[in-house]
Amino acid sequence: MYLLDSLPKTSKTANGLNTERSGKKVPISSSEKELWDLFRKGDENAFVIIYKKYANILFNFGCQLTADHSLVKDCLQDFFIYIRQKRERLGPTDAIKPYLFKSFKRRILADLKKQNKQIVKESAFDFRKFPVELSYETVYINQQLEKEQIFRLNEALRQLDPKEREAIYYFYFEGLSYDQIAVIFDFSHVSSARRLVYRGLAHLRKYFVLYLLLTFSEFRS
Amino acid sequence: MSKDHKHIFYQLIARRDFVDWVHEPVGERNSFWEKWLQEHAEQKDEFLKAKEFVERLHLPQHTLEEDELEDLLSRVVAVDHKLDKSANDFQNIPHSRQWLRVAAILLFSLMVALLADKVIAPFQEQTILEEVAWKSAENPRGRKSIIVLPDGTKVHLNYESKLRFPEHFNTKEREVILEGEAFFEVTHDASRPFTVTTGSLKTQVLGTSFNVRSDKYTSDVKVSLVTGKVKVSIPDLPDNILVPGEELEYQEQEKNYSKSEFDVQAVTAWKDGVIVFKDTQFEAFIERLGKWYGVDFQVYGETPKDWKINGRYENEKLEDILTGLQFMYDVKYKIDDKNVTLKF
Chain X
1 MYLLDSLPKT SKTANGLNTE RSGKKVPISS SEKELWDLFR KGDENAFVII YKKYANILFN
61 FGCQLTADHS LVKDCLQDFF IYIRQKRERL GPTDAIKPYL FKSFKRRILA DLKKQNKQIV
121 KESAFDFRKF PVELSYETVY INQQLEKEQI FRLNEALRQL DPKEREAIYY FYFEGLSYDQ
181 IAVIFDFSHV SSARRLVYRG LAHLRKYFVL YLLLTFSEFR S
Chain S
1 MSKDHKHIFY QLIARRDFVD WVHEPVGERN SFWEKWLQEH AEQKDEFLKA KEFVERLHLP
61 QHTLEEDELE DLLSRVVAVD HKLDKSANDF QNIPHSRQWL RVAAILLFSL MVALLADKVI
121 APFQEQTILE EVAWKSAENP RGRKSIIVLP DGTKVHLNYE SKLRFPEHFN TKEREVILEG
181 EAFFEVTHDA SRPFTVTTGS LKTQVLGTSF NVRSDKYTSD VKVSLVTGKV KVSIPDLPDN
241 ILVPGEELEY QEQEKNYSKS EFDVQAVTAW KDGVIVFKDT QFEAFIERLG KWYGVDFQVY
301 GETPKDWKIN GRYENEKLED ILTGLQFMYD VKYKIDDKNV TLKF
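Top line first, the protein sequences correspond to chains X and S.
Residues in the first sequence are numbered consecutively from 1, following the UniProt record's numbering.
Residues in the second sequence are numbered consecutively from 1, following the UniProt record's numbering.
It is worth saying that the hints were derived from the structure and are not from the lab.
C-beta: ideal position from N, C-alpha, C; glycine also.
Heads up, some of the hints might be wrong.
Each pair of labels, with its calculated beta carbon distance range [to be verified]:
#  : chain 1 : residue 1 : chain 2 : residue 2 : range
1  : S       : P25       : X       : G91       : 34 to 42 Å
2  : S       : E28       : X       : S103      : 52 to 60 Å
3  : X       : K102      : S       : T323      : 48 to 56 Å
4  : S       : K334      : X       : S103      : 40 to 48 Å
5  : X       : I49       : S       : P25       : 44 to 52 Å
6  : X       : K102      : S       : S191      : 27 to 35 Å
7  : X       : R87       : S       : D17       : 27 to 35 Å
8  : S       : D17       : X       : S70       : 18 to 26 Å
9  : X       : A67       : S       : E68       : 14 to 22 Å
10 : S       : K35       : X       : D179      : 56 to 64 Å
Derived DSS-like pairs: lysine-lysine, alpha-carbon spacing no greater than 27 Å straight-line [said to hold, decoys possible]:
#  : chain 1 : residue 1 : chain 2 : residue 2
11 : S       : K172      : S       : K144
12 : X       : K73       : X       : K53
13 : X       : K163      : S       : K317
14 : X       : K147      : S       : K334
15 : S       : K172      : S       : K162
16 : S       : K343      : S       : K259
17 : X       : K102      : X       : K114
18 : X       : K163      : S       : K332
19 : S       : K334      : S       : K317
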C-alpha cells in the first residue's frame, strides 16, 4: 500500500498525455455506441464531440506512420469530411476508436502510396515507425530497472518488426484491448492480436533474458 | 521459484488491466493490485519492474494546436452541401471494374460450393459402414465430424466418440446410440420422439438441441440442454425433465444423479471448433489437447504445480497454442508429426 503510493506518477510520458486527452470522461462502451449512432443519424453535435475527442489522437497516430505531418493533416481533413458525408452508410460500432484507426490508417497508407509513385523511392513512407522506447529521463525514487536493463530493452524494442511495434503502440499508448487490436489488423481471432503483442514482448525477452539470468544468479549466490 | 519470477514481468506487461492501472491508478484498480501484491509478495521486484517498464515506455507525441483543430473543423463542416469529389470517388469506378467485382463474387461463391462438397463428403462416407439396418460413425482422437441423420437431425460428434443409428427411422420413434460426446440439433417431429441411449440412460426429446457426454471408464453421463425440452430416463429412478440451461449428471456406479446449471458456451464450444480452458490444470490441459489434435505428449522436466490455464482457442493450430504457452511459461516445444515434446 505505502509502496504504491510512494511510486512516482509519470506525467512526461505519452501515457500521461493520453489520459489527459481521453481520460477525463472515459465513456463506457454503451455510450460510445450511442454517440456513434447519434452521429450516424445526422446529429451534428455528436459529430463535433467525436471530432474533438479523436482529431488529435488520429493526428498523432498518423504521425507515427509517416514523418510527413502535412500529409497527415490533409488526410485528417479528408477523413472527417468523408465520414461526415457517409455517416448514414457507416456501420454501427460500440468502440469508435479502433473503428476510426482502422479506416484512417487505410487512408494514410493509400495517400502515401499515391505520393510514392511520384516521388519515386526517396519518400516519407517509412515502415519503421512507431519509435517506442523506454525513457531515461523519468526520475525514480525506487528505481528497479537498472540503466543497463533499460539500454537492453531499448535495443530490443528497436529490433521489433513494424507490425509488432504497431501492436505495441495500440496496446500501451492507445489503451486498446486485444479484440480491438484484432479489428484494426483485420484478424478474425482475438488470439492473433494477443499473439502479435506477445511475439513483440517475446522478442524483448530474448534480448533481456540473458541479463535477467545473470542478475538472478548473482542474487542467489 | 526464480523461474516464475522472471516470467511474471512479461505476464504483467501483457495484461490490459495491469497497464490500465499503471496509467491510471484509481479506485478499484488500486485495491486489486494491492491485493495482488500481497498475495505475490515474493514477486515484488518483478512487479515493480513491470510497473516501471510501462511507465517508462515512451513515444514522441505530435499534436495540433487548438486553433489548427478549430480551423480544420470549420473546413470539414464547410464542405457540407456541395458534394466533395474525393468523398465520392468510388462512384466513379468505371463500369468495367464493377463488372470485375461481380465476376469475383461469382467465382468466390463457386469456389465455396466446390469446397463445401469436399468438406462434407468425408462425413457422408463415414455413415456407410455397417450393412445391417444400423449404421455407425466413429471418430478417433483428433477428429470431429458432423452427421446428418435421415430425419435432418444434425449431430456434432466429438473425438473418441461413436454414434450408431438406423438407416431409416421408423414411423414411431427415432433412436440412436451414443458412446462419448455429441451435440444434437434435433429436427422437430412431435409424432416421433427422438431418443439418445447412452449406457443405461435414455434422453428423449421432441425437437431441441442438447449435449450428451458419457465417460468411457466410469460410464457416467452428462446431459446438457441448450434449447427445447428433454426427458431423461434412468432405470429404477424417476424420469427427469430438463429445462434449457440445465444439465443432469448421472453417476453410474453410485446410481445417483444431480442437476445443475451449466455454462452453455463452455459445454458446447467444442462443436464450433473452440477449446475452452477454465482454471485447467496441466495434466487435464495436455489430455484435452492430445485428444483434440490426436497427438501424444512427452513431457520432460519439472511441470509447474500451480499451473492454471484459462483460454479460448478458436480453430487454432496446435503450434500456435504452444507458441502462446512458451511466452507464459518457461517451456520449449517440438512437434514431430503426432508426437509433441514439451521441455520445462
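Going through the hints against the structure:
no. : hint                           : result
1   : S:P25 with X:G91: 34 to 42 Å   : 36 Å, holds
2   : S:E28 with X:S103: 52 to 60 Å  : 34 Å, violated
3   : X:K102 with S:T323: 48 to 56 Å : 26 Å, violated
4   : S:K334 with X:S103: 40 to 48 Å : 42 Å, holds
5   : X:I49 with S:P25: 44 to 52 Å   : 27 Å, violated
6   : X:K102 with S:S191: 27 to 35 Å : 53 Å, violated
7   : X:R87 with S:D17: 27 to 35 Å   : 34 Å, holds
8   : S:D17 with X:S70: 18 to 26 Å   : 39 Å, violated
9   : X:A67 with S:E68: 14 to 22 Å   : 18 Å, holds
10  : S:K35 with X:D179: 56 to 64 Å  : 26 Å, violated
11  : S:K172 with S:K144             : 30 Å, violated
12  : X:K73 with X:K53               : 16 Å, holds
13  : X:K163 with S:K317             : 21 Å, holds
14  : X:K147 with S:K334             : 36 Å, violated
15  : S:K172 with S:K162             : 24 Å, holds
16  : S:K343 with S:K259             : 41 Å, violated
17  : X:K102 with X:K114             : 19 Å, holds
18  : X:K163 with S:K332             : 25 Å, holds
19  : S:K334 with S:K317             : 14 Å, holds
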